[in-house]
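J.: In case you want the letters, here they are:
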Amino acid sequence: MDDILQTRDLTVRFGGLLAVDNVSLHVRPGTFQSVIGPNGAGKTTLFNLICGIYKPTSGRVLFKERDITGLPPHRISRLGMGRSFQITNIFPNLTVLENVRLAVQSRASVGYRFLALASSFGEFTDKARAILGQVGLEGKEQTLANVLAHGDKRKLEIGMLLATESELLLLDEPTAGMSHDDVPAVIDVIKRIKATGKTILMVEHKMEIILAISDTVTVLRQGAVIAEGTPAEVAADPLVRSAYLGGMAV
Amino acid sequence: MMLKRIKADRWIIAVLLLLLLLPLPKLLAANGLIAADAVNWPPIHYLKRSTDVFVWAVVAVSYDILIGFTGIVSFGHSLFVAVGAYSVAIAVMKLGLSPVVGVLAAVIASALISVVVGSLSLRLKGHYFAMITLAFAEVGHVLALKLSQWTGGEDGLSVRVPLWLANRTNDYYLGLLFLAVIFFTVRRITESPTGRVLAAIRENEHRAQALGYDVTAYKVGAMTISGVIAGLAGVAMATIDTQFAIASLATSGPTIEVLLMTVVGGVGTLTGPVLGAAMIRLLSFALPGLQDISPLFARWQLFLGLIYVGTVMFLPDGIVGSYRTRVKTAFQRIFTPG
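Top line first, the protein sequences correspond to chains A and B.
First residue of the first sequence? That's 6 in this note's numbering, and the numbers climb one at a time after it.
First residue of the second sequence? That's 12 in this note's numbering, and the numbers climb one at a time after it.
No wet-lab data here; the hints were simulated from the structure.
If you want a taste of the chain B side facing chain A, the calculated C-beta under 8 Å gives, among others:
id : residue
1  : Ser203
2  : Pro204
3  : Thr205
4  : His217
5  : Arg218
6  : Gln220
7  : Leu222
8  : Tyr224
9  : Asp225
Model, not experiment: these values are computed from the prediction.
Positions of the beta carbon are idealized from the N, C-alpha and C atoms, including for glycine.
Just need the whole structure built from these sequences, with the hints factored in.
T.: Take a look at the structure:
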């Protein structure tokens, strides 16, 4: 099977800092791949390169065998790559329903119709409601997004991601900043998405999540890949253990 | 509570309508439908001041598309008012064309300039964007001064309008109709799929982009719609209001006045900017007249400044915005369980 996402020798340099160093990823369709690494390893930067927010210094990004290096983020998004962010990234003063509805609308080609009424596109609203059910936010449709509890905001983000019907989802620390009690509900949502056959690339810190749901784990340190393999292989790798223990002898 | 608000709103609307229709007998008289000498009320200056309010209210509504619904702050917005005013003035006075051609020219010119200014400046954000728009407006100002064989330079261009437009009662109703059409069109736009995307951009630009929306294209679109409306307001200014095109329209002064109207009335509310336009225009007309009472009123802008500071401090959502939030929170307090 061909890779849905490939990076070839992807490198980005910010001034003197080599943030991502020759990273070559191969993500196969329908798999769940995690990217881990200590703080500052370049995980989020790697995501930003893949989805077009940064342009690489060298190297290429291929999505569905198409070279997408240098395309603007909205174009890449429309090709079928969805992205969630490490810091909560929603439309704060719009309702929960409207947040998801906007994500649904982004995939329909309504174009720049500025004299039609948004409320006349009932199918968007229906679909948005269905998605809110999937991520466990039913009954909160009319709440303003910024008054949601943190865990619910993360669920809303995942809902927005689902609404874009992307084949590949990039999840940047979906449980970041979440209280311990909220984590299982979000993992549950992620597992359900995985079960629908979507390809997921996730950055995460919490080892128990990574070990529980990943097919493949890639370990970054100082921008470079130092290990790759199944969760069990990676957990046993001495290099990985030293990276996580700050280079102390193990 | 909600019912009470609708009731209160209805009263406000009814009183406003009554006020706006006061000059109706005069309209009939002006067009020979009833005996003309029977009606000499309301006086001309009432009609003139009202027409002026209508025209500036349109500018404020167009500004609200940018600041309130898309979240971009331009310091060069009145450039488009100047473009509209000069388009019709030059068409009529320099080229001897019909005012209708002037209106078309104004729409085309303000659309083109919006697209050019927008695509060149909207890649920048916040202060940088604001500064660039200020620079563009200043270029317009200088051009209007220097191309004096076309623009009349410092003196500006006075527009000789057809006889039926020289009638202040007709001007009043045209201005009112103009404001009503623009107001409801803009409200419709904000409720359209495109309008919702603009709100999304205002709320979180990066998220909108990550969802696949071409943020720059939407912003240029918003700026074009807003620019064309401001251009039409310029046409109105040159035909039914001051009947004059003057270079100072393109300076930051009028833009800041429009910003003031929008902020005082309530950003993103549409009715707020209309209310703000009425307040600011009437005050800036009335305050200088109070100089006999106190020399302080010679510095009347001081009072506008106080109103602005007061609004930002005590009514950060503006008059209409605060009214709406207050009613809404009272409503939620009563009906939200827990």
